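Chains as they are written, first to last, in my numbering: chain A, 1 to 204; chain B, 1001 to 1530.
Hints should not be assumed to be uniformly reliable.
One-sided and incomplete, this derived list gives chain A residues near chain B with beta-carbon spacing under 7 Å [as the list claims (entries may be wrong)]: (1) Arg18; (2) Val24; (3) Trp28; (4) Ile30; (5) Ala32; (6) Met35; (7) Gly36; (8) Gly39; (9) Ser43; (10) Gly125; (11) Ala128; (12) Gly129; (13) Thr135; (14) Tyr138; (15) Ala139; (16) Thr143.
Since the hints were made in silico from the structure, they are not lab data.
Just so you know, these numbers come straight off a predicted model, no measurement behind them.
Idealized CB from N, CA, C, for every residue including glycine.
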Amino acid sequence: MSMTMASPTSSAPALSRRPGITMVATMWIIAAGVMGFGGLLASYFGQRGAAQAAGQPWLPDGLALPNVALAVTYLTLVMSAVTAQWAVTAIKQNDRQNLYWALGTTLFLAFAFINGLSFCWRELGLVAGSSPYTTAVYAITVTHLLVVIAAIAAFMVMGFRSLAGQFSSVNSEFVASAAAFWHFAAAAGFVVYFSLWFLEGAPK
Amino acid sequence: MSMTDTRPDTEITAPVSVDGSPIDTPAGLAGWLTSTDHKVVGRLWLVTSLVFLVGGGALGALLGAERLDGGMDILDLGVFQQVYSLHGEVAVFLFLVPFFVGLATYLVPLQVGATEISFPRGASFAYWAYLVSGGLLLASYAADGGLAGGSKTGIDLYLLSITFLNVALCVALVAILTTIVVMRTPGMTLLRTPIFTWSFLVGGGLTLLATPVLIARFIELYVAHHFGGSLTATTGTDWFWAVPQVYVLAIPALGIALEIIPVIAGSRLSPHGAGLIFIGMAGVLGFGAFAQVGPVFDDVLYVGMGLAGALPILGLLGLVGDAMRRGRFSVKAPILLALGSLLLFLMGSVAGAASVIDALDLRGTVWTIGQMHLILEGAALSAALAALWFWAPKIWGVTLSDVAGKLVFLLTFGGALLLAVPDLVSGLVEDQAIGSIDIESGSSVAAMNGLSAAGGALILLAVVVTLLTLLNGLARRGSNPSVDDPWEGFTLEWATASPPPPANFDEPIDLVTSATPVLDRRSDGSEVSV
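Just chain A, with the same shape it has in the complex (with noise of 0.2 Å):
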């Protein structure tokens, strides 16, 4: 059957160009996080205010926050969103050792803040399940952990497919991509710290 519906010489608004495939997908995926970010971290406030109104403690008795080992767990993943962005950058101007150095650098981050977040959970000795606290906290953190994870699988998937010889300038979509989703998981790794750590570990 003709698919012909009108002349293409017709008077159709001017054409522009549509953002890819990959980078729309990834703002879905994105939008979505923020706003299971924003269910978690808004229980987790409700249930601290309530704590809080009812004159209850809210931290467990005796915990003893690890600050500064959370401050720079928390302040590598945010700088390794510098670093991912930096493989965007490389990949633009077709410089592809950059770009090898921007991957590697980011993921070596990313492993050390998981390495980071570990010493933390076995700092804190926190029990989950025994308070709404604890609860919070490994709902929260273990949710966060796993968009890092998939943000280090997408660098990889990235990264083997660059050493393939694949991205350019005219072709950098899927390393901008998954450089989005790298910033939304230390942007929400910011979020994470300061809501959890930063507020409970500020001197009273």
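Take the given structure of chain A and dock chain B to it, following the hints.
For chain B alone, kept in the frame of chain A given last:
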């Protein structure tokens, strides 16, 4: 609003292998299991969700029978609560959202003139994840799970399976929404998007934003239960099927009705943009349910949004009324089901508006159940069945019996009213609480519950008749094939064969210049701009 028109650099073509040759889909079961063709995946979603619906309807009939008089005659209290929860979860997570996802998986690429869906493997993964997690959800209830369950393992399995189920739905939504945003054929601006596709962009987009909030809650519940051994009494998950979230879940129903009625009336929706705006309004008014902590009658926003919920539906009814006035009223099954859907949606939104009026004191009564049934089992189900009758020629290459369709309309419309209105009356007059079982035999509430149970049985019968009609049509497909465009449709899915070829369209699509390109071409070949 974006008005961009060109495809990205990565031009979409039919699925090909690494060497560029077309991928041959294996025949038989292997083809179904491995296919990434959006048409195959869409059919799988549709059929599976209908099968789950029959199961959900049977559970509803069981609940209805139990509510006929006082005491627990059939089930004990714990099982009653589990069946009650499962009935709602099957209706929403295993039927309603998956059905619309399946319809969109099949139709959206065709309506926007794309040769495939974006992320076809993701779309396929989403279906299989839905099937597996849906099966695990049922298994968790069989293992004494669910939020009201008594088995620790069963509850853990329930929380994991429903979380994974929602993740699967989100993956499917991302694939469809990306297709709508990026893969529209040149000239098809967002304002020229077919109205079903637009409704899915609104409803699906808002569902994608709301579902992660629910997932977050399930994650929290899982950690609390698995490690702490307890669930909080208020689980904080029931907002997903309450006012106003139910409007978001049912928005694709509006798109289906507005797609079908003008086509069968033979008159385009005018102005097309008004339909898009009203559907967008319905979405805006339905969003944000997760922010509610129970009804908040002193909150102007909560009350205002609840009261305004009926306005977009009135606007849409005005639009289709105008289209029917300018066209011809042909009493076909799809148009009856579509009109029934809009009317039930209007009634449901009016009932929702009443529920936010503090003076009526409807909080916690079965009024809420009646309102929910009007939207979900009434409006959304009617639209789903209308879609089956309207697009069956496109999806399966069969024309479903019009007589059976009219019977299904009577059963669905009458059944929905009979299911919902008694609960509205019991909630308003008798203040019957949700889930109450201490009902005096022979009382007016027992009589109302009897009527409601009869309504549920009629709806179940409608679904069974639909499945039998579909099976009959498929069995006779060889001797009675459908024509490509039996309704003289307006949008691009009707410009290709029924069912479509592997790459959807045999020839390239020229620049689209209106919301009804196929109608324009049929009329006189001239252009009609929106």
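**Report entry** Hints violated by the structure (listed by number, smallest first)
**Finding:** 4 and 10
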